[in-house]
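Turn these sequences into a full structure, and let the hints guide you.
If you use this note's numbering, the sequence shown corresponds to residues 53 to 209, in order.
Treat the hints as calculated values from the structure; they're not laboratory data. Heads up, a few of these hints could be off.
What the hints assert, rightly or not - Simulated pairs of lysine-lysine, DSS-like, Cα-Cα distance not exceeding 27 Å:
1) 84 to 118
2) 145 to 102
3) 91 to 118
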Amino acid sequence: MKITICAIGRVKAKYARLGCDDFLSRMKRFFKVDYIELKDIRRGRSDGPKSWKDQEALNLIKHVPKTAYTVVLDERGQQFSSTQFADWIEARKVKGVSSIAFLIGGPDGHGQSVLERANFSMSLGALTLPHELARLVLCEQLYRAGSMMAGHPYHRE
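Set out below in structure tokens:
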């Protein structure tokens, strides 16, 4: 299965960059991985959050594979345990989904066109996370899910 992670902005914090790089590298044992960081848009004084989200949405959609099952990370989305997340990915695979794209918006959230394009909305939990930490958590959980699906002993109950 192909996993695409597409996010607005670059990971600047060293801890998050190192963690993401580590899990992305390890994840390649289980998935074909494409990690895309898109440039932040300029937030002008005359523009507002809706305009910024709309611009970011167009950029995200442009980079999503056309046939990918699209998942937006959103605080209002469905929450999973690690085991449920692995089962959810496995269920997509069984249904014939060969590519899943996870989209992480900018600091103001997702624009309407991304939400309309999405097949699913997922939350990493009830806590509000900085974007860099959210990416690290997503990368770790994808690695964990892949290892569980492959019977690797990384995950412990």
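Hint check:
Annotation: proposed proximity of residue 84 to residue 118 holds, straight-line Cα distance about 16 Å (limit 27 Å). With a C-alpha separation of about 35 Å, the suggested pair residue 145 and residue 102 falls outside the 27 Å cut-off, and the hint is violated. For the suggested pair residue 91 and residue 118, the alpha carbons sit about 21 Å apart, so the restraint of at most 27 Å is met.
Hint 2 from the earlier list is the only one contradicted by this structure; the remaining hints agree with it.
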